[in-house]
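Visitor: Protein chains in written order, with our numbering: chain V, 1 to 160; chain D, 161 to 320; chain A, 321 to 480; chain Y, 481 to 640.
If you're looking for bench data, these hints aren't it; they were derived computationally from the structure.
One should not assume that every hint holds.
Stated by the list, open to error - Calculated cross-link-like contacts (lysine to any residue; reagent style SDA-like; alpha-carbon spacing at most 20 Å):
(1) Y:Lys610 x V:Arg111
(2) D:Lys307 x D:Asp259
(3) V:Lys127 x Y:Arg591
(4) D:Lys307 x V:Gly56
(5) A:Lys467 x Y:Gly536
(6) D:Lys307 x V:Asp99
(7) V:Lys147 x A:Arg434
(8) Y:Lys582 x A:Leu348
(9) D:Lys307 x V:Ala96
(10) D:Lys262 x D:Leu188
(11) A:Lys447 x D:Arg271
(12) A:Lys467 x A:His369
(13) V:Lys147 x V:Arg22
(14) D:Lys262 x D:Trp208
(15) Y:Lys607 x V:Ala96
(16) A:Lys450 x D:Arg271
(17) A:Lys467 x V:Gly113
(18) A:Lys467 x Y:Ala576
(19) V:Lys147 x A:Lys422
(20) A:Lys467 x A:Asp419
(21) V:Lys147 x D:Met304
(22) V:Lys147 x D:Lys287
(23) V:Lys102 x D:Ala256
(24) V:Lys130 x Y:Ala576
Next come the chains, spelled out residue by residue.
Number of protein chains: 4
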Amino acid sequence: MKGTTHISDPHFAERVRESFARQSMMHLIQATLPVVEHGRTEIHLPRWHGIEQQHGFVHGGVVGTIADSAAGYAAMTVVPASASVLTVEYKLNLVAPADGDKLIARGRVVRPGRTLIVTTAEVFAVKDGKESLCALMQQTIMVMHGKVEKQGQVASSRRN
Amino acid sequence: MKGTTHISDPHFAERVRESFARQSMMHLIQATLPVVEHGRTEIHLPRWHGIEQQHGFVHGGVVGTIADSAAGYAAMTVVPASASVLTVEYKLNLVAPADGDKLIARGRVVRPGRTLIVTTAEVFAVKDGKESLCALMQQTIMVMHGKVEKQGQVASSRRN
Amino acid sequence: MKGTTHISDPHFAERVRESFARQSMMHLIQATLPVVEHGRTEIHLPRWHGIEQQHGFVHGGVVGTIADSAAGYAAMTVVPASASVLTVEYKLNLVAPADGDKLIARGRVVRPGRTLIVTTAEVFAVKDGKESLCALMQQTIMVMHGKVEKQGQVASSRRN
Amino acid sequence: MKGTTHISDPHFAERVRESFARQSMMHLIQATLPVVEHGRTEIHLPRWHGIEQQHGFVHGGVVGTIADSAAGYAAMTVVPASASVLTVEYKLNLVAPADGDKLIARGRVVRPGRTLIVTTAEVFAVKDGKESLCALMQQTIMVMHGKVEKQGQVASSRRN
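Just chain V, same shape as in the assembly:
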């Protein structure tokens, strides 16, 4: 994203972290959100048995889940505090087995817009400290203006 983009909400990181904390699915797979910057986020995921397929790699659906969320939250960092975001669609290429000690999904905003935001995400497998690309995603996010995402309220209908 262009570095000159206006920051719509100075408290974007807090807002994004609170939303992430409310996602029971993220807890279920043991994902964390250690990086939230303007226009980009990182989701980390340790390797553990419950999210694997039988051969010891992380399931492709889990790879897609963290890619979708990392990019969706990157979009959420650039919208006003009075808006929420939801995933319209995404396209994911799985380019190598998700093998490693942990996965890192890096989402970033490519094209911010008032109604639609285009993002991408890359997912890396980290093995012995070395990262290798395992998935690439391109995504369309919709901005729901005037629909604040609050605890216990239905705000954005899908991403949250």
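Please build the complex by placing chains D, A and Y on the supplied structure of chain V, with the hints as guidance.
Guide: Leaving out everything else, chains D, A and Y in the frame of chain V:
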């Protein structure tokens, strides 16, 4: 898929069900595979707290996971017993909140090929016995010839 | 699309045909729009030298162009007369060479919405009267309310 | 693409340029291929009436055509001389009207593989010397080993 398509392996349903049973991720989210026919499958998913986002809808990543798997297993029904399959890529449109008592992902083969298989999946939310479309997916599957998927062996690197 | 969908504009076919007629690109490749029904359209394309690649097949970019337009115009049939449509994104699988006497792209609305419409298109090559699938597309269309598409005016910014 | 990638064919640029020259569709829309480097290419397209829609912007199908070709030819630069490439599928986001004096499509290889290559392309509109992003594409390319692309022969079935 054309109804005239040759059945490469008469025991395809057994092979697919065994593979599904080995996916710990499917157990984690409580998904089942009640329908395995030549060229199509169905994955069912009850609504429960752990896979929801904070507003009570099923997480979009879970929707993608069952769509990807339903279509991937549909592809697996049409390949020889000596082959396995893996997801090259998929594109998912989330068209409505995944709200309901359960979700049904229906995958089917649109275009079988020796090396690549094109599939689609639709995910429906079932509420009070009524189905409504919540996601639509288009997917490319690669056939790995000579790589049987066996318990405890790395056969296909991603799907399994 | 559900058969019960309300017709927003009884003159949709006229509106769509006028828009198509203004696309110089459609003239350049010699495409026609013989079918415009509520929620679906067909674009036909004769085989001729200028749109081929060197081996005598129709260029993949042309296949994508008629798929995108057929589905986009299918979406246009379901919006009010006071709205226009534009393509947000599409995903195209090219499943077989576009070989034949002519191509037929069939677009249809899968999920109409107030702001976003999800469509699909199939492109068939017709050879000796027999159709074979050569491409499959899934697309997201945005509805621009209050932006009538008129001759000589910039209405919708991309599709038209 | 990693800078360390092995160059499979030192004459890749010649091979790519010859293929491009045989595409009658590229001539029809007046596209040129001024940049062919290992792992990346550029296709340029002047603005002219025949490829526009009625409002003076370049047609979205044309944008997709040059994105698809730029990325496909980027893939062709990294395969052996004895192989050809074809587009399996691509996903294109149209993020802004294709307005400007000319368009530049930049394709690059993200993940080379023996059988499948993942690429991306960005399309920029150039206006008064200033580039602005108008489209973003993610693509899967298949490598056809032992199928040299030669003049007058059917080598790769789609891209060429």
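Visitor: If a hint holds in the structure, say so; if it doesn't, say that too.
Guide: Evaluation of the provided hints:
1. Y:Lys610 x V:Arg111: Satisfied, since the Cα-Cα distance of roughly 17 Å is no more than 20 Å.
2. D:Lys307 x D:Asp259: Measuring from Cα to Cα gives roughly 39 Å; hence the hint is violated.
3. V:Lys127 x Y:Arg591: Distance of about 18 Å is within 20 Å: holds.
4. D:Lys307 x V:Gly56: Holds, at about 17 Å.
5. A:Lys467 x Y:Gly536: holds, 17 Å
6. D:Lys307 x V:Asp99: Status holds; Cα separation ~19 Å.
7. V:Lys147 x A:Arg434: holds, 17 Å
8. Y:Lys582 x A:Leu348: holds, 18 Å
9. D:Lys307 x V:Ala96: The hint holds at about 16 Å.
10. D:Lys262 x D:Leu188: holds, 16 Å
11. A:Lys447 x D:Arg271: holds, 18 Å
12. A:Lys467 x A:His369: violated, 38 Å
13. V:Lys147 x V:Arg22: holds, 17 Å
14. D:Lys262 x D:Trp208: Distance of about 9 Å is within 20 Å: holds.
15. Y:Lys607 x V:Ala96: The hint is violated at about 39 Å.
16. A:Lys450 x D:Arg271: holds, 17 Å
17. A:Lys467 x V:Gly113: Between Lys467 of chain A and Gly113 of chain V the Cα gap is close to 18 Å, so the pair holds against 20 Å.
18. A:Lys467 x Y:Ala576: holds, 16 Å
19. V:Lys147 x A:Lys422: Violated, at about 49 Å.
20. A:Lys467 x A:Asp419: violated, 39 Å
21. V:Lys147 x D:Met304: Violated, at roughly 46 Å.
22. V:Lys147 x D:Lys287: Cα-Cα ~25 Å, so violated.
23. V:Lys102 x D:Ala256: violated, 32 Å
24. V:Lys130 x Y:Ala576: violated, 37 Å
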